[in-house]
Amino acid sequence: IQLTQSPSLLSASVGDRVTLSCKGSQNINNYLAWYQQKLGEAPKLLIYKTNSLQTGIPSRFSGSGSGADYTLTISSLHSEDLATYYCYQYYNGLSFGSGTKLEIK
Amino acid sequence: EVQLVESGGGLVQPGRSLKLSCAASGFAFSDYAMAWVRQAPKKGLEWVATIVYDGGSTYYRDSVKGRFTISRDHAKSTLYLQMDSLRSEDTATYYCARHSGATRVFDYWGRGVMVTVSS
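Chains Y and G, in that order, give the protein sequences. Heads up, the first sequence is in our numbering, so the first residue is 444 and it goes up one at a time. Heads up, the second sequence is in our numbering, so the first residue is 840 and it goes up one at a time.
Hints listed in this document are in silico derivations from the structure and should not be mistaken for laboratory results. Possibly wrong hints are sitting among the right ones.
What the hints assert, rightly or not - What follows is a list of derived Cβ distance ranges for each label pair:
#1 Glu-523/Y - Gly-895/G: 23 to 33 angstroms
#2 Arg-926/G - Gly-536/Y: 19 to 29 angstroms
#3 Gln-852/G - Ser-454/Y: 20 to 30 angstroms
As the list claims (entries may be wrong) - Simulated pairs of lysine-lysine, DSS-like, Cα-Cα distance not exceeding 25 angstroms:
#4 Lys-481/Y - Lys-492/Y
#5 Lys-881/G - Lys-481/Y
#6 Lys-858/G - Lys-915/G
#7 Lys-881/G - Lys-466/Y
#8 Lys-881/G - Lys-487/Y
#9 Lys-915/G - Lys-466/Y
#10 Lys-881/G - Lys-544/Y
#11 Lys-882/G - Lys-487/Y
#12 Lys-548/Y - Lys-858/G
As the list claims (entries may be wrong) - Just a few of them, taken from the derived set where beta-carbon distance is under 8 angstroms, the chain Y residues facing chain G:
#13 Ala-476
#14 Ala-485
#15 Pro-486
#16 Ser-502
#17 Phe-504
#18 Tyr-529
#19 Tyr-533
#20 Leu-537
#21 Phe-539
#22 Ser-541
#23 Gly-542
Predicted model only: the values in this text are computed from it and were never measured. Each residue gets a CB set at the ideal place from its N, CA and C atoms; glycine is no exception.
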């Protein structure tokens with residue numbers, strides 16, 4: 444399954460509500476996770492099974508979606524959210540999206 | 840605290856071999872499936888291989904099948920990736936990752952080790 448993330452680059456201000464998109468080439472049946480990767484660091488799991496928040500992740504992060512279309516929302520952007528975000532499907536094989544780089548204005 | 844520490848990376852010529860190791864601690868290593876995920880310079884993430892908790896089954900992406908072998912040693916709590924017939928397109932940072940429980944999500948990652956394939 445191919446995952447297409449949009450936009451590839453997003454610039455937003457602290458306090459903004461931010462929405463990142465991930466579209467599969469077919470139905471993913473909610474087996475969709477989101478990872479955050481800061482520069483020079485390993486990825487960190489944020490969300491799994493579409494909308495389940497990983498332990499220790501701030502509640503400003505949330506996920507939604509169904510079928511082939513999924514969204515990661517940051518309700519109020521913090522400066523430390525500067526990172527690249529990857530979606531990941533584990534319904535049919537294992538594959539990552541190409542990433543959305545989030546910049547802080 | 841869960842810790843995954845990779846080692847064994849470096850510069851290698853095309854066609855040669857390299858073996859990566861990942862030392863695990865802070866959890867019951869033999870209870871979890873483990874994986875290798877790689878990231879080419881300035882590129883995205885790419886799953887490479889998975890081994891189930893008891894080593895009974897292994898899975899690979901098509902581009903490394905027949906060249907890479909994932910294995911584990913429970914006595915040493917260590918995961919391995921034997922990489923043979925290396926190609927320039929295998930150049931990447933290789934991360935060791937733990938599969939979360941019964942799912943195929945990766946919940947813990949190591950800091951990664953760089954592998955450069957070049958003459």
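Here is what the structure says about each hint:
1. One distance hint, 23 to 33 angstroms for the beta-carbon pair Glu-523/Y and Gly-895/G, is violated here, with the actual separation near 41 angstroms.
2. A C-beta distance of roughly 22 angstroms is found between Arg-926/G and Gly-536/Y, which places it inside the suggested range of 19 to 29 angstroms.
3. Evaluation of the 20 to 30 angstroms hint for Gln-852/G and Ser-454/Y yields a failure: the beta carbon distance comes to about 42 angstroms.
4. At most 25 angstroms may separate the alpha-carbon atoms for a hinted pair to count; Lys-481/Y and Lys-492/Y meet this at roughly 22 angstroms.
5. Pair hint Lys-881/G plus Lys-481/Y holds up; C-alpha atoms about 13 angstroms apart against a cutoff of 25 angstroms.
6. Between Lys-858/G and Lys-915/G the CA atoms are separated by roughly 16 angstroms; this keeps the pair inside 25 angstroms, and the hint holds.
7. A threshold of 25 angstroms between alpha carbons decides the hint, and for Lys-881/G with Lys-466/Y the separation of about 22 angstroms falls inside it, so the pair holds.
8. In summary, the hint linking Lys-881/G to Lys-487/Y is supported, as the alpha carbons are separated by about 18 angstroms, within the 25 angstroms threshold.
9. With a C-alpha separation of about 41 angstroms, the suggested pairing of Lys-915/G with Lys-466/Y is violated against the 25 angstroms cut-off.
10. Under the criterion of a C-alpha separation no larger than 25 angstroms, the hint pairing Lys-881/G with Lys-544/Y is consistent with the structure, at around 12 angstroms.
11. This hinted pair checks out: Lys-882/G and Lys-487/Y have alpha carbons roughly 17 angstroms apart, not beyond 25 angstroms.
12. Only pairs whose Cα atoms come within 25 angstroms are accepted, and Lys-548/Y paired with Lys-858/G is rejected, the gap being roughly 43 angstroms.
13. The closest approach between the C-beta of Ala-476/Y and any C-beta of chain G is roughly 5 angstroms, which is under the 8 angstroms cut-off, so the hint is satisfied.
14. Annotation: Ala-485/Y was flagged as interfacial toward chain G, and the flag holds, the nearest CB pair being 4 angstroms apart, inside 8 angstroms.
15. Annotation: Pro-486/Y was flagged as interfacial toward chain G, and the flag holds, the nearest CB pair being 6 angstroms apart, inside 8 angstroms.
16. Checking Ser-502/Y against chain G: minimum C-beta separation of about 19 angstroms lies over 8 angstroms; hint violated.
17. Checking Phe-504/Y against chain G: minimum C-beta separation of about 15 angstroms lies over 8 angstroms; hint violated.
18. Here the hint on Tyr-529/Y is kept, as its CB sits about 6 angstroms from the closest CB of chain G, short of 8 angstroms.
19. Of the supplied interface hints, the one on Tyr-533/Y holds, with its beta-carbon coming within about 4 angstroms of a beta-carbon of chain G, less than 8 angstroms.
20. The beta carbon of Leu-537/Y is positioned within 8 angstroms of a beta carbon in chain G (closest approach about 4 angstroms), and the interface hint is therefore held.
21. For Phe-539/Y, the interface hint holds, the least distance from its beta-carbon to any beta-carbon of chain G being 4 angstroms, beneath 8 angstroms.
22. Below 8 angstroms, beta-carbon pairs count as interface contacts, and Ser-541/Y has one with chain G at about 5 angstroms; its hint therefore holds.
23. At a threshold of 8 angstroms, the smallest CB-CB gap from Gly-542/Y to chain G is about 5 angstroms, leaving the interface hint in force.
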